[in-house]
Each structure stands twice: as C-alpha cells, then as structure tokens.
Amino acid sequence: MAPRKTERIVNLTIALLVAGRYLPKSRIRELVEGYHGLTDAAFERTFERDKDELRALGVPIEVGGFDPLFEDEAGYRILPSEFSLPPIELDAEEASVVGVAARVWQHASMAESTQSAMAKLRAAGVEPDPSALAALEPSVQATEAAFGPLWTAVLERVRVRFTYRDQSVRTLEPWGMTSRRGRWYVVGRDVDRDATRMFKLSRISDLPAAVSRPGAFDAPEGLDLRALAASLDPREPTAEALLAVRPGKAPSLTRRGRRAEVLPDLAWPADGYEGWWVGYGSLPGMAEEVAGHGADVLVVEPADLRAGVVDRLRAVAGRAPVEAR
Amino acid sequence: MTSQAQVRRLLSLVPYLREHDGAAVADVAAAFGISPKTLRADLGVLWMCGMPGLSPGDLIDIDMDAVDGEGVIHLSNADYLTRPLRLTADEALALVLALRTLREIAGPDQRAATDRALAKLEAAAGTAPTGSASVNVTSATEDVRATLADALQRGRRLDLTYDTATRDETTQRLVDPLRLFVLDGYGYLEAWCYRAEGLRTFRLDRIAAASVTEAPVEPHDVELADLTAGWAGSMAHAPLVSVELSREAAWVAEYYPTETTTTVDGGSVVATFRVTDPAWLRHLLLRLGGSARVLSPDGAGDAAAEAAQEALAAYAALDATA
Chain D
1 MAPRKTERIV NLTIALLVAG RYLPKSRIRE LVEGYHGLTD AAFERTFERD KDELRALGVP
61 IEVGGFDPLF EDEAGYRILP SEFSLPPIEL DAEEASVVGV AARVWQHASM AESTQSAMAK
121 LRAAGVEPDP SALAALEPSV QATEAAFGPL WTAVLERVRV RFTYRDQSVR TLEPWGMTSR
181 RGRWYVVGRD VDRDATRMFK LSRISDLPAA VSRPGAFDAP EGLDLRALAA SLDPREPTAE
241 ALLAVRPGKA PSLTRRGRRA EVLPDLAWPA DGYEGWWVGY GSLPGMAEEV AGHGADVLVV
301 EPADLRAGVV DRLRAVAGRA PVEAR
Chain V
1 MTSQAQVRRL LSLVPYLREH DGAAVADVAA AFGISPKTLR ADLGVLWMCG MPGLSPGDLI
61 DIDMDAVDGE GVIHLSNADY LTRPLRLTAD EALALVLALR TLREIAGPDQ RAATDRALAK
121 LEAAAGTAPT GSASVNVTSA TEDVRATLAD ALQRGRRLDL TYDTATRDET TQRLVDPLRL
181 FVLDGYGYLE AWCYRAEGLR TFRLDRIAAA SVTEAPVEPH DVELADLTAG WAGSMAHAPL
241 VSVELSREAA WVAEYYPTET TTTVDGGSVV ATFRVTDPAW LRHLLLRLGG SARVLSPDGA
301 GDAAAEAAQE ALAAYAALDA TA
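First to last, the sequence lines map onto chains D and V.
Here this note's numbering is used: the first residue of the first sequence is 1, the next is one more, and so on.
Here this note's numbering is used: the first residue of the second sequence is 1, the next is one more, and so on.
Treat the hints as calculated values from the structure; they're not laboratory data.
Just so you know, not all the hints are guaranteed correct.
Pairs of lysine-lysine residues, derived as DSSO-like cross-links and limited to a Cα-Cα distance of at most 30 Å, are as follows [claimed, not checked]:
no., chain 1, residue 1, chain 2, residue 2
1, D, 5, V, 120
2, D, 25, D, 51
3, D, 51, D, 5
4, D, 5, D, 25
5, V, 37, D, 51
The following residues of chain V were derived to be distant from chain D, with all beta-carbon distances above 10 Å [stated by the list, open to error]:
no., residue
6, 31
7, 76
8, 157
9, 200
10, 266
Bear in mind the structure is a predicted one, so any value in this text is a computation, not a measurement.
A virtual CB, placed ideally from N, CA and C, is assigned to each residue, including glycine.
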C-alpha cells in the first residue's frame with residue numbers, strides 16, 4: 001500500500017535526521033514501525049529499496065560509525081546541515097521572475113521537477129506572486145523522445161548508446177545539452193571516435209540506453225555550451241555579393257548589407273531596383289536565400305552565385321504546368 | 001502517483017505548513033500544484049509520521065477537525081523538519097534553464113531581477129551542474145526589448161518597424177502590446193495591430209525598431225491562444241499541402257511543424273504541412289530549388305513557378321543589356 005510505504009520512508013528520514021549519530025541497522029528496524037513484522041530477508045530488501053528511493057530524491061544518507069556494540073554493523077545518519085536547503089531570500093521582483101519560470105517547461109517530467117523545486121522554495125519562505133508579470137510567457141519545449149534519457153545521463157554522467165540517422169550506432173559520454181531554434185542537441189565525447197561531437201536529438205532514431213554506471217566520466221572544466229552551439233549558426237561572411245533589390249523588399253538581406261553607392265559599369269540596376277552589397281559565408285546557402293525572393297532580388301555579381309540562383313530558379317520554373325505568359 | 005513523489009512533497013509540505021500556520025487547504029493545494037483531495041491524503045499520511053517511538057506525543061500533530069471543518073491547516077510537533085530538502089541537480093537545472101529562457105525576452109529591470117535570482121539559486125544549489133544545459137532564444141535587440149517591456153508595463157501603444165517574413169517587406173504599424181512569449185526557441189510579441197485590425201504575432205528578431213507612443217492601449221475583445229499546444233492550435237484550420245522533399249531538403253520536415261512525414265526510398269521524405277500563408281510556401285519552394293515538389297493540392301506550386309519565371313525573365317534582360 002502506497003500510503004504505508006510513504007509513511008515508512010518519511011519515518012525513516014525523521015529517525016535518521018534526529019538521531020544525531022549513526023544508527024545501526026538493527027536499531028532502525030526497531031525504531032521505524034513500518035519495518036516491524038518483517039522477516040529478516042524482507043526487512044533487508046525493504047530497507048535497501050527505501051534507502052535507494054531516498055537517495056534518488058537527493059537525501060544525503062551517510063554510512064559509517066561502526067558501533068562496537070553491534071559488531072561490524074554499518075550505521076546510517078542524515079546530517080541536518082547536508083539535508084537542508086541553504087537559506088535563500090528573494091525580494092519581490094526576484095520571487096516574481098521565479099514564479100514565471102515555474103510555468104516555462106512544456107515537458108511533463110521537467111515541469112514536475114520545476115514544480116518540486118518551487119515547493120522547496122515556498123517551504124523556504126519564497127512567495128512568488130503569480131499575477132505579477134502575467135504578460136510574460138516564456139516556454140521551453142522538448143518533444144524529442146531522446147530528451148528524457150539524455151537529460152538523466154548528463155546529470156548522472158552515464159555513458160549512452162544510440163542509433164543516429166538510422167545508420168550508425170554511437171557511444172557517447174554526454175557532457176551537456178543545448179537548445180537552438182527550438183531543437184535540442186547533445187554534446188559530448190564520441191567514445192569510438194575519441195572526439196567531441198554534437199548530435200541533434202530529432203535524428204536519434206531509438207531511445208538512448210545507459211551503458212555505464214553513474215559517474216563514469218567527467219565533463220571538461222568550463223564547458224561552454226553556448227560557444228559550441230554557435231557552431232550551428234550560419235558561417236561568418238567571407239565574400240560579398242552585389243544584389244539588385246526592389247525597394248523595401250527582402251529586409252532580411254538588406255538589414256545586414258549596405259547600399260551600393262557606386263555601381264559597376266553595367267546597365268544595372270534596372271528600373272525599380274536598388275543596389276545592395278551583402279556578405280555571405282556559404283555560396284549554396286546564399287544562392288538558396290536569394291532564390292527564395294524570386295524577382296525581388298537579383299544577383300548582379302559574382303557570376304558563380306548568379307549561376308547558382310539561376311539553376312535553382314530553372315528547376316522551380318520547370319514545374320509550372322503551363323507557361324505563365 | 002508514486003510514493004516517491006509523495007515523499008518528496010511531504011518533506012516540503014512540513015516546513016511550508018510550519019511557516020504558514022492556519023493556511024487554507026485550497027491555497028496550499030494551489031501552491032503545491034495538487035488537488036485539495038491529494039493534499040487531504042498527504043495530511044492523512046503525515047499524521048502517522050513523527051519521531052521514532054511513535055507514541056502519540058512523538059507524532060506530527062495536525063488538527064484534522066480544522067482541516068475538515070474550516071478548511072485550514074494547523075501543524076505542530078515537527079521541529080526537526082524546519083527546512084526543505086536541498087534542490088536536486090535535476091530541479092536546480094530545470095529552474096535555472098527556465099530563468100535563463102525568461103531572461104532572453106525580459107526588459108532591463110526583469111533581466112536584472114532574473115540575474116539576481118539566478119545567482120542566489122545557483123548558490124543554494126551548491127554543486128548542481130548548472131552549466132550542463134543551455135537554451136538559446138532568438139530574440140530582439142536589447143533596445144527593442146527595453147521598449148517592449150516599458151510599453152507593456154505602462155500600457156502604452158507601440159510604433160513598430162517590422163520586417164514581415166511572408167510578404168518579404170518592411171512595414172510600419174501601431175500596435176497595442178498584450179504579451180511576450182517564447183515558442184520553439186523564438187521570442188514573439190502578441191499585440192492588437194491597428195493596420196491589420198486584429199490580433200497579430202510578431203517575431204522579436206524581425207522587429208527592426210520600436211518606440212513607445214503616448215497613447216494608452218485600448219481594451220480589445222480578443223482571446224489569447226493557449227500556448228501549451230504549440231502552434232498546432234492556431235494552424236488547425238489551415239489547408240494541408242503535401243510536398244516531396246529530396247534527401248538534401250529533408251531538413252525542412254524537421255524544421256517546420258508537419259502533420260505527417262513518410263520516408264521513401266533513397267532518403268527522400270513526403271511531408272504534409274499546414275499552410276497558413278501561400279507566400280510562405282512560395283518562398284520555401286523557391287529556396288529549395290528543384291529539391292522539393294508539391295504533390296497536392298493541384299496548383300499549390302504554381303505561384304513559386306511563376307515567380308521563378310519572372311525572375312528568369314529579369315536575368316535574361318540583364319544578360320541582354322550587359
């Protein structure tokens with residue numbers, strides 16, 4: 001029965017907290033009513049499971065203090081200073097941002113973790129006002145199935161194995177996770193390749209499985225996830241294109257460019273276009289971006305970019321069922 | 001509910017109730033995110049817990065008559081549980097990431113409060129590895145964020161310079177700000193737009209400039225969507241378009257919300273999208289060149305083909321004059 005079990009575990013916690021010294025197992029068996037009436041074997045099993053559950057909750061149960069009166073029997077205690085949340089005082093503004101943070105996670109088990117953290121903060125005297133900052137609704141999604149197992153593996157420093165892009169089996173020491181543009185990535189040491197690798201969670205095709213004990217590795221000191229994640233951004237510009245842009249169109253391009261004051265010796269830009277210099281890092285990426293704007297943006301130079309755009313346009317134009325004019 | 005979750009809650013409930021003597025059952029249940037019935041069951045368990053020995057004087061004392069009568073909670077005789085259990089690594093990191101996400105859309109005052117709260121939480125969390133995860137939000141410039149926060153706080157109308165994605169041009173508009181939110185890694189402003197005469201959502205990184213006007217916001221008869229369902233709710237009535245994406249364009253099915261996806265031979269993917277704005281589809285097809293093909297409905301790809309033909313005609317003219 002669940003209430004009996006909860007009662008037993010809470011009583012065990014209190015007994016270990018108030019003892020002020022290591023309690024031998026036999027003494028615990030006498031003190032905690034929930035252990036009465038169990039056979040030796042059943043008591044051992046139950047006590048081990050209860051300890052595991054408490055440790056999983058973060059309750060620091062220490063083992064030691066072998067009592068000479070109880071030969072070789074291990075003793076257990078919980079130090080109140082190790083058990084208790086250190087004092088934390090938040091002013092009204094700080095408490096209200098924490099109150100907003102409580103609603104951020106759109107992932108069942110993460111929302112539960114936040115809820116439980118909030119319960120502890122409330123019990124420590126933090127009083128968030130849920131009506132303050134009502135116009136702010138930040139949220140974090142984690143829809144990838146691999147998120148839960150990897151999150152646990154990062155926190156417990158457990159090696160994991162998974163299938164990536166349906167083809168290769170990878171063994172990873174996961175150091176951390178980062179979300180960019182709403183997608184989660186895991187960073188760590190790919191054990192077989194002995195190299196730092198980043199994996200996109202949506203491309204993991206099975207559930208990552210733990211293949212080591214907790215604490216199997218250390219993440220590097222000063223791991224900078226933001227810097228690693230920045231490698232996912234478009235490359236820094238290495239070249240510049242001269243574009244003809246219809247006025248007011250394609251702001252995503254012109255905002256990072258500059259107006260072309262002096263134009264090459266061409267009969268361009270034609271009527272209804274302005275000249276803009278815009279930097280780019282990848283030729284195919286830039287060709288894709290420019291092609292997306294159709295006739296609103298034309299490449300004047302360089303020629304290779306122009307050829308890339310024209311190729312794309314031809315492929316799309318050929319899909320028209322009838323000539324448009 | 002597992003007994004583990006209940007143990008975890010009870011260990012917080014005791015110090016909370018000690019600090020809030022006479023708190024109403026409904027308020028305590030709300031604070032812990034549980035039903036009054038679950039709270040009543042929790043109290044029933046706590047009532048049987050206490051110091052070893054378990055004689056009546058050793059047990060935690062809860063005035064059950066007051067709980068069932070006036071609906072208030074008096075708890076005593078639990079002097080050993082004055083503080084909650086420390087935060088686990090999981091709890092600390094979940095809360096820290098939530099605060100860091102909030103920080104990305106906050107104005108300067110809330111941002112400073114968030115930074116102070118983060119510092120205190122990280123100190124209280126001790127050795128929890130709060131550097132093990134990060135969330136990046138594509139948001140507005142600091143100036144724009146400060147302006148939005150100010151307008152929301154003072155209830156003032158905003159003058160926005162906004163780069164629309166689908167129409168692909170810069171627009172000027174007056175809006176009454178209603179809320180700021182983050183969804184799938186992007187920050188948004190939701191506002192009543194006077195130009196569109198309706199509720200509109202503005203992606204923060206596309207707000208090129210914003211200024212607060214002296215006009216107070218008007219009341220508008222609008223209902224803000226529940227964001228917990230993501231974009232799905234707001235797109236439910238948009239027409240479905242089915243597109244075949246070759247291997248190199250398969251990322252599109254991961255990047256945009258899809259209704260269905262099927263992988264076919266050679267790694268190409270057939271995906272169906274809810275298309276709220278035909279201009280979005282035209283832009284996407286043009287970008288992808290030949291690596292995407294509309295399967296249905298008939299004619300959904302025509303606008304892109306016509307735009308490509310127009311552009312090719314312009315290039316032909318350019319070549320003729322060069």
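Tested hints:
1. D/5 - V/120: violated (35 Å)
2. D/25 - D/51: holds (12 Å)
3. D/51 - D/5: Answer holds: residue 51 of chain D to residue 5 of chain D is near 12 Å, not above 30 Å.
4. D/5 - D/25: holds (18 Å)
5. V/37 - D/51: holds (28 Å)
6. 31: violated (6 Å)
7. 76: holds (15 Å)
8. 157: For residue 157 of chain V, whose nearest Cβ neighbour in chain D is about 15 Å away, the distance exceeds 10 Å, so it holds.
9. 200: Holds: least Cβ distance 16 Å, greater than 10 Å.
10. 266: At about 13 Å from chain D, residue 266 of chain V clears the 10 Å cut-off, so the statement holds.
When the structure is compared with the earlier hints, violations turn up for hints 1, 6 and for no others.
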